[in-house]
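S.K.: Chains as they are written, first to last, in the numbering used here: chain D, 1 to 494; chain H, 1 to 317; chain A, 1 to 222.
By construction, these hints were calculated from the structure, which means they are not laboratory data. Any given hint could turn out to be false.
[Claimed, not checked] Pairs of lysine to any residue residues, derived as SDA-like cross-links and limited to a Cα-Cα distance of at most 20 Å, are as follows:
(1) D:151 - A:89
(2) H:288 - A:29
(3) D:151 - A:200
(4) H:288 - A:101
(5) H:288 - A:32
(6) D:151 - A:209
(7) D:102 - A:200
(8) D:151 - A:199
(9) H:288 - A:102
For reference, the chains in residue letters:
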Amino acid sequence: MAWPLLLLVAVPIVAGLGSLLAGRRRTVEVLQCVSAVTMLASAVLVADRVIAGGSAAVEGFLHTDALSAWFDLILGVVGGTGTLYAVGYMGESMDRGHLPLKRYRQFFCLFDLYLAAMLLAVNLENIAIMWIAIEGSTLSAALLIGFDRSKEALEAGWKYIILSSVGIALALFGTILVYYSSEHVLGVSSEALRWSELYRVAGELDPAAIKLAFVFALIGYGTKAGIAPMHTWLPDAHAEAPTPVSAMLSANMLSLAVYAILRFKAVTDKTVGPEFSGSLIIVLALLSLAVSSAFFLVQRDYKRLFAYSSIEHIGIALLGFGIGGLGVFAGAWHLMNHALAKSTAFYGAGLVFLRHNHKSLERVTGLLDQMPLAGTAILVAGIALSGLPPFGLFSSEVLIAAGAYTAKPDVAYAFLALLAFAFATLLYQVLRMALGTPGEAGTAPGRQCRIFTGAAVGINLVVLSAIGLQVPPRLEPLLASIVTLFGAGIEVPR
Amino acid sequence: MMLHAVLLIVAQTIVLLAVSPFIVGLIRKVKARLQCRRGAGVFQPYADLAKLFRKQPVVSSTTSWIFTATPYILFASTLAAGLLVPVFVSQTPLNFAGNIIALVYLLALGTFFLILAGLDAGSAFGGMGSSREAIVASLTEPAMILSIFAIALTAGSTNLSTIVHKTALLEGIVTDPSPHLMAFAALFIVALAETGRVPVDNPATHLELTMIHEAMVLEYSGRYLALVEWAAGLKLLVFLTLIVNIFAPWGIATSLAPGALGLGLAVYLVKVSGLAVVIGVIESMFAKLRLFRVTDLLGVAFILALLALVFFYVLRG
Amino acid sequence: MSLLSQQLGSQMVNLGSALLLLTCFAIVAQRRLTACVDMFAVQSVLLAATAALVAFLTGIHHIYIAAALTVVIKAVLIPRILKQVVERLNVTRELVMNVNIPASLLICGGLVMLAFFITQPIIPLGFLLTRDSLAISLAIILIGFFTMIARKKAVTQVIGFLVMENGLFLGATSAAYGMPLIVEIGVFFDVLVGALIIGIYTHRLQDAFDSVDTTKLTTLKE
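Modelling step: build the complete structure from the supplied sequences, incorporating the hints.
M.R.: Have a look at this one:
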């Protein structure tokens, strides 16, 4: 039995249900803090065990290999800080009388189930049950996005649920097609849906069926990952959801969707070679980059600005996976750094919203003076997201550009041009927000809010800076085995 | 052989002419019963026709030769179309003269002249009826052709005799039922539209806002009206015959032996009457569609016919 | 199983799938919302019947359970919820659409051909019994997808989503003689919860916007 793995998945569920039943606010807060710390700690322990032993498993149900462990780290660490942040953020709403206790409890129940569904999805070994878990996260996210019940929130939630339902349905068809071809090799049983078994027999699967399955999975899970042209729900949902949810959507859910695509890509690559899935992914990734850069300039809403930045970064990571080899290494690295930086940026944005109660980009200036915590969060995360050193996103972008240049020079040129554009616009906006003189006064958040959100931002920034320019040696074996999953092994760069 | 052919022509002409008023009467009777009325007897249309033939026709002085020629052309073309369809024996009398495509265009010829005649009198209603009929006819045509093609493909021939013969004997036919079912549904909708039944047109009303067929023939009287009405009944019967014999030809005579012919005739009458009852029930259940909604219904018919074709190719492959 | 009865079985399954496809077209051609809901219920019953037929012909018993769940959830429960929504919202018809009905029908006809075209290369891989249903299931999925785009009322969009789910179920049954039972049950649960959540959303949209016309949702752009 792998206890950390079981804890990682079970604790958020227990904490969520407990919060729903809890009588007092204090109980909910304690439960959430326990859940946050457990998530952080057990994610690290799971990764540790996988690094040491190659995999961790709860027999017949959960199975964690290097790829799963990598996403456990992303989801666990960011999920932990996100829970802390949510305690501060929602507590402040409650203190101001915007939120009755009943809704407060509902929020945390949904929030924890949402996190649990995502953590479950990356550790399941049956691709159909993984689909069920991902659908579960979609449904809970739909309720979370519309949580405010304002017109805009409902509109965003409606758009989200319609689009992702379509996407998830197409993904299920892709899953069915995989089963359609694998049951001829593995027999009519659950075995035919385990990814470990699928990788083993990938060479014997029917190429046409697997290609078709991959296309459906890419479009389906791609909708959930917010890849252009299926991205239209993403900016609305990120802007209108309560900010802790926006942070989780961007950092965790998009990563989860990429994870699902990668599972299918690994099977497809073993069956028909990496060229087929790679070229499809590269086209969509470049399109996402182009769309997000185009919309950076016209944004008047700081949460939407960060949302478009998510489309951009998911595009960059996918480009890495599409190129393969070194690109896979860089893509996985990019996802982790993006999750940390983007959640930090949203944490900052949420604090600004709490103070000023508007999301207008133009009216926000001088954050460093006015709100040191939010200002630092937005400035540091913004610099990281623009792709400047000394942050991991810089090195991964360089690696992807280099990989693209050796594999497909045209792609590299397009990538660098779009990247330069996105870099300039994002950096300009972030600097304008953080520097200068503050405009309006607003209402400062209370002490408890500052403590919890400060802890969340602090942990994120410490981890983000610590893993900065160099991949920690402890994590290298994980990345190396992820790379082998998609084909030949490579020299891990130092 | 020649004698047989001539005899068959005579026999089929008699059957078609004799049965068509009965079918019209039967549908009216069914509708009356479903509305809890006693209704006129099923043989009332014969009396109506006899009466109309005795009356002196009145012809507007503004009309041209088209107006007086149309009833004859309509009647003759519809009857000729009827002779291309197997009725109680799988062999058709005019087998040598044309196939399923000729049938479609003979019916279209009658419709065309009826449209012209509606315009000819220069009255407001006639023109309105003609323009509506033109809309309906142009929309039904593609669906009709496609559904008939789907059937023709399954039998491998556009000759109705061959199609019916093969289906009746289950010979060399792709037996998958799906394309047949869809083509049947399409052709049924086409038949309702072409013969001016509910939900496309209502033969029982002269309400100026809704009528199509009745508006075109509003100017006719006396024997001309009798011919037009009779032709309308014939057209209905031709469609019903086509449907029952293509989709359920079982029991039809496949040879010219007297016993088989007798049985074929009896089975034919039962099947056609059954379908007429179904139409009566449908007319009582549904309201007439607004003219601009008719396109929706005919769109459905077209798609059904198209699907029948697609399914035929897919299921065979 | 003898060759003849196998052929007959395969024809019956094809017929069931074809009827399912026809109900899709009926939904596309229908303006009255309650009639759409009814057609969806009919489609679900047909789906359950087809699945039960496959279960009978193959002797794989867990498909029966899935078929029974289909009847309970998709033919009874969800239509009832939808009817309540329609009644409460007091909208009975879809008057203006993004794509009018004849054009929708033509597009859906095109989608059917597309589905056949896409699945052509992998059809020979399937079981003899249900070979052609895979293409039909993809066609149903695409038509459901199209309905979600072409219609404006929230209720019809939900029906489009449910039609997609029916297509998926047919796909799972025909392509693979059903997914493992645990998966089927999980999928059903998700569908039910999804329908409930969408139902909750339509209520809230109605309260906030006084309408379930999703074209009124225009505040968020760029």
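S.K.: If a hint holds in the structure, say so; if it doesn't, say that too.
M.R.: Each hint, compared with the structure:
A threshold of 20 Å between alpha carbons decides the hint, and for residue 151 (chain D) with residue 89 (chain A) the separation of about 18 Å falls inside it, so the pair holds. This hinted pair checks out: residue 288 (chain H) and residue 29 (chain A) have alpha carbons roughly 16 Å apart, not beyond 20 Å. Taking the CA atoms of residue 151 (chain D) and residue 200 (chain A), the gap is about 14 Å. The hint holds against a cut of 20 Å. For a cut-off of 20 Å, the pair hint linking residue 288 (chain H) to residue 101 (chain A) stands: about 18 Å separates their Cα positions.
Taken as a hint, the residue 288 (chain H) and residue 32 (chain A) pair is honoured in the structure, with Cα atoms around 16 Å apart against an allowance of 20 Å. For the hint pairing residue 151 (chain D) with residue 209 (chain A), the CA-to-CA distance comes to about 7 Å; that is within 20 Å, so the pair holds. Pair hint residue 102 (chain D) plus residue 200 (chain A) holds up; C-alpha atoms about 18 Å apart against a cutoff of 20 Å. A hinted pair counts as satisfied when its Cα atoms are at most 20 Å apart, and residue 151 (chain D) with residue 199 (chain A) qualifies at roughly 17 Å.
Straight-line distance between C-alpha atoms of residue 288 (chain H) and residue 102 (chain A) comes to about 18 Å, which keeps the hinted pair within the 20 Å bound.
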